[in-house]
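Number of protein chains: 4
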Amino acid sequence: MRLGESDLAITVSGTDKGNLDAADIMSIDLSGHSVSGKKSSAETSLHLQLYRRDPNIGAVLHTHSVNATVCSELVADELRFEGLELLKAFDGITSHEASLALPVFDNTQDIVSLAEQVERHMRTAGQGHGYLIRGHGLYTWGTTMSDCMRHLEALEYLLEYHLIKNGVAKQ
Amino acid sequence: MRLGESDLAITVSGTDKGNLDAADIMSIDLSGHSVSGKKSSAETSLHLQLYRRDPNIGAVLHTHSVNATVCSELVADELRFEGLELLKAFDGITSHEASLALPVFDNTQDIVSLAEQVERHMRTAGQGHGYLIRGHGLYTWGTTMSDCMRHLEALEYLLEYHLIKNGVAKQ
Amino acid sequence: MRLGESDLAITVSGTDKGNLDAADIMSIDLSGHSVSGKKSSAETSLHLQLYRRDPNIGAVLHTHSVNATVCSELVADELRFEGLELLKAFDGITSHEASLALPVFDNTQDIVSLAEQVERHMRTAGQGHGYLIRGHGLYTWGTTMSDCMRHLEALEYLLEYHLIKNGVAKQ
Amino acid sequence: MRLGESDLAITVSGTDKGNLDAADIMSIDLSGHSVSGKKSSAETSLHLQLYRRDPNIGAVLHTHSVNATVCSELVADELRFEGLELLKAFDGITSHEASLALPVFDNTQDIVSLAEQVERHMRTAGQGHGYLIRGHGLYTWGTTMSDCMRHLEALEYLLEYHLIKNGVAKQ
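Chains as they are written, first to last, in our numbering: chain A, 104 to 274; chain B, 104 to 274; chain C, 104 to 274; chain D, 104 to 274.
Here chain A stands alone, though its shape is the one from the complex (with noise of 0.2 Å):
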């Protein structure tokens, strides 16, 4: 979570997600400098690619869903949701009769390659609302933490209803 303009929050290296108290949260800043000398997440170059290039970014989650896990698998570039209610749930979106690409990156322990991957899709695709890592997991974003909670919720949704809807297609 963004708590200034170049100072951010992010989970300790190696934590427990499941268990985490206010010690397991440390500062960094845009650069991804620690203040406090503790190491920060693994991952933080992936949060950092998202609160550098948009400052309307306040807040980045990511999760580890199996659903998310699964759907990264079952598509080559990208899951596409079309003609949805639930579309209005990401900002900018008024209407049902909406399209929302949420694209797949292969996954790779060199994460700042990652970053550099999913920047360039950016800068072409469009920055979208949230993007899967290949048998890894989602990455989401928004202004606020609440609205980035939103977006998650409503990934999940969407996640749910391919596999759902997929499971039963052949009836």
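Please note that the accuracy of each hint is not assured.
Just so you know, same-sequence chains aren't split out, so a pair can sit in one copy or run between any two.
Stated by the list, open to error - With a straight-line cut-off of 16 Å between C-alpha atoms, the simulated EDC-like cross-links for lysine to aspartate or glutamate are: (1) 120 / 250; (2) 268 / 157; (3) 191 / 250; (4) 191 / 119; (5) 142 / 119; (6) 191 / 213; (7) 120 / 110; (8) 120 / 188; (9) 141 / 110.
Derived by calculation from the structure, the hints in this document are not laboratory data.
Just so we're clear, the structure is a prediction, and the values are computed from it rather than from any experiment.
With the hints as your guide, set chains B, C and D onto chain A.
For chains B, C and D alone, coordinates are given in the frame of chain A:
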């Protein structure tokens, strides 16, 4: 929920339905006019269509479950449920040897027009106990809020039943 | 639940099973007569059939899960479970090398006739540990309420197992 | 859980695992002898095999989820997971470019013989992080109880992933 003969409680436009408090509920009359000047839910016309047509309707609920959205896209005109004990959860049904239709209407952002379409359908097909809007969600109603909640629980049960049954039906 | 040799506790007719309080439970004898004059559950005869045939039955539970309803419609006469460690949850079963039949009876609103059909089946096929009513739900029983609850949990486990396994079996 | 070099805490035989209290946990040594005279879990030999072979194993957990039971019946010898970020949840795995085998052993009520079979398998295939018993459940372990819980959560994630992915794979 109906408060008096022509006095209705409804959610304020744009509220987070997972985080409602008293200020998110407002009062309107049967023509949709707001006493307080607050703006009521974007789907007010769909609620009014029901309260106007039947003075015995005391409560209307609208939900957006993943199951409702998926089911609304699996059929052309309606889902039909037959031979299930659970049908006795609906007012006026006293045996499993009944047939419940759940019509599906195409989604539109023109809610007034959609409300008219629902009204026309009910005049020929009967009022029923609920309907789906395609890619959007579920409407149901009842004499009391408790009846309406029971209808909602029963409809969500039937939607889950439909999806699980069709997911394994080809075995 | 059996309170004494011929004294049974049962729910009052028409109660909301998700919202029971003490006044929703009444006492009847083995012939179904109510001391208080309250009307007992519409399915009282199905409970009495079990308490009458076996003095060791101290508790009977009847549920309506979606999984039970779907499973009851997937087979003609019975579900059969074999080779599962969980079968040891049932009284008298001490190895996974066992076979548990869960018979399915067609639903009817004539509960007295259904109870007679269940009794006839048990006289030839054995009492077993539970049965399904098609499109309706599950009955199970036990020596104590704790045994009955364990049987219920085990049967719901087996029904979920059956549905998940058959949902992916064609891979 | 290992309490000292040759002192282990284990559940008493026949306890309801959903309703444990302190009296349901007893102490045994590495040869399985009980100090208190209570009888330990019927599967004590499977726990001992792990504590004996590796002094770094401080905790062992055994569960019976529906997903584990279904998965154990879908494959002949093992499930194998590759290319998933979640593999980093296991001790010693630092990249998604890893391969985790989850072997499946046939169930038997002869637990001593099963423990010998597990030991033989580990001598050739390596100790790994867990295994399934067919139609029965899952065993996993770790240096501390916290590590063991993380392995359990990760294995249940992978089992759910396997089932969801294969349920929609034919689309």
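Checked hints:
1. 120 / 250: For residue 120 and residue 250, the Cα distance is within 16 Å only across copies (14 Å; inside one copy 20 Å).
2. 268 / 157: neither (34 Å within a copy, 35 Å between copies)
3. 191 / 250: Result: close within a single copy only, 12 Å intra versus 30 Å inter.
4. 191 / 119: between (33 Å within a copy, 13 Å between copies)
5. 142 / 119: Cα proximity of residue 142 and residue 119: one copy only (15 Å, versus 36 Å across).
6. 191 / 213: So residue 191 and residue 213 pass the 16 Å test across copies only (15 Å; inside, 35 Å).
7. 120 / 110: Cα proximity of residue 120 and residue 110: none, with 21 Å in one copy and 32 Å across.
8. 120 / 188: The answer is between: 15 Å across copies meets 16 Å, while 31 Å in one copy does not.
9. 141 / 110: Classified as within: same-chain Cα gap 15 Å, cross-chain 38 Å, threshold 16 Å.
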